[in-house]
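2 protein chains.
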Amino acid sequence: MQLMSEKGAAGGGLRERKKRATRAALSEAAVRLAAEHGAEKVTVEAISAAAGVSVRTFFNYFDSRDEAFVVIDADAGARMRHAVLEAPAHLSPLAALREAMAAELAEAEQQHELWRLHAEVLHASPHLLARGVGAHMAAEADLADAIALRLRGDGDTGGDGPGLYPRLLAAVAGAAVRTSMDHWSAHQEEAAFLDVFHEVFTLLAAGLPAPSA
Amino acid sequence: MQLMSEKGAAGGGLRERKKRATRAALSEAAVRLAAEHGAEKVTVEAISAAAGVSVRTFFNYFDSRDEAFVVIDADAGARMRHAVLEAPAHLSPLAALREAMAAELAEAEQQHELWRLHAEVLHASPHLLARGVGAHMAAEADLADAIALRLRGDGDTGGDGPGLYPRLLAAVAGAAVRTSMDHWSAHQEEAAFLDVFHEVFTLLAAGLPAPSA
DNA sequence: GACATAAGTTGCATGGTATGCAAAGATGCA
DNA sequence: TGCATCTTTGCATACCATGCAACTTATGTC
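Chains as they are written, first to last, in my numbering: chain A, 59 to 271; chain B, 59 to 271.
The set of hints was computed from the structure by calculation and includes no laboratory data.
C-beta atoms are modelled at their ideal positions from N, C-alpha and C, and glycine is treated no differently.
Restraint ranges, calculated between C-beta atoms of paired labels, are given here:
#1 A:Ala153 x B:Arg73: 50 to 58 Å
#2 A:Glu248 x B:Arg123: 33 to 41 Å
#3 A:Glu74 x B:Asp133: 49 to 57 Å
#4 A:Ala164 x B:Gly70: 49 to 57 Å
#5 B:Arg75 x A:Ala153: 52 to 60 Å
#6 B:Arg75 x A:Ala79: 52 to 60 Å
#7 B:Asp253 x A:Ala250: 35 to 43 Å
With the hints as extra help, turn the sequences into a complete structure.
Okay, structure coming up:
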């Protein structure tokens, strides 16, 4: 191996790099085809062909067709979990979560065009935006777990999984991100995504007060 | 017609009553079968047979198999929208939403056994809890619209659909309800559902502060 | 009450989605 | 090189989902 790949979770042998490449190719093909033809008209066969693998292989990577439109980066959850656990102690749980998500989203914007297409595809078929919850639900459970750990300090979440508060926090933050994406997708010219994102978390931290206007 | 049915949206001719009955029979059959055998093992054919209709008819009522597990009451969205619009002016948007949802959930608990089974089914396959977002997304958009109307006072939402705040409010409230259901479903003996529900909205209104403990 | 109309149900045909299995191909390592 | 492991692939199978045409059932009117 001559060159480390750029990302955090990268590295490993040829096998793992190939797998990541295949997965990325499938995701990207799915998003581009959906942006062009509409998500409903894109078959698994078309996605697989565009990525140069068989249909059967597609289903080795994704549990369902929709998942390919939704989960752009499979490792994001693990990275966010790590970020929450490593966040400075003075941050509130909500702020720690906000920072973890902001970092992830900022990185996603590096592939600006794909990210924009992705937002448009989700906005065009709310069905998929919803499905995103499903795909991200595991990640949310992970985040809830991380928050619970952070609150307790030790390595024990209490046996019965994270409590009500961590789960609520993770679920609400997820909803906030999706709302931000959807809103930004409809107003791309008027505001930067990160501005929308921060406005949303400010509203959350303030307890969702009625706007003064 | 000799007797008015009990519910708000009830009434109408024989046709409408039959449709409601068929839909309810399909929903109930789906939930009961899922509670018994696990949602993944329940086919559309089994649900249809249990409800006494053909498979084709099932798909006249639901867009997908999962929808039958998720949407127990198709009119709930419209009722909540109405409740938000009619809520006392002194309530904050969040409180108005909370009251509308609480009323709906209290009514759902009248069919206690079915409601409990429903919560268990969703808890057992998070896949479906997620799908719930999809099914309820239209309702959430409606709620966002109602909140926007309420905030403006007149009959105009501003042309471009509800703004960021109403949408965020509806999405977060939806996430809160789902979290409540999931948590309560795992701790049914320890707390009443409405207690969990109110605790969640209290946390939201307080801006999700770190718990003192 | 009989009729025309609208609405709902059903079976059939069709195509896409998803999974298990076993054979073939690639990779990692000694 | 040769063996163990992982990945891809084709095939068979079952289920999901939709359009269409034929049939049955309410509704309103005369």
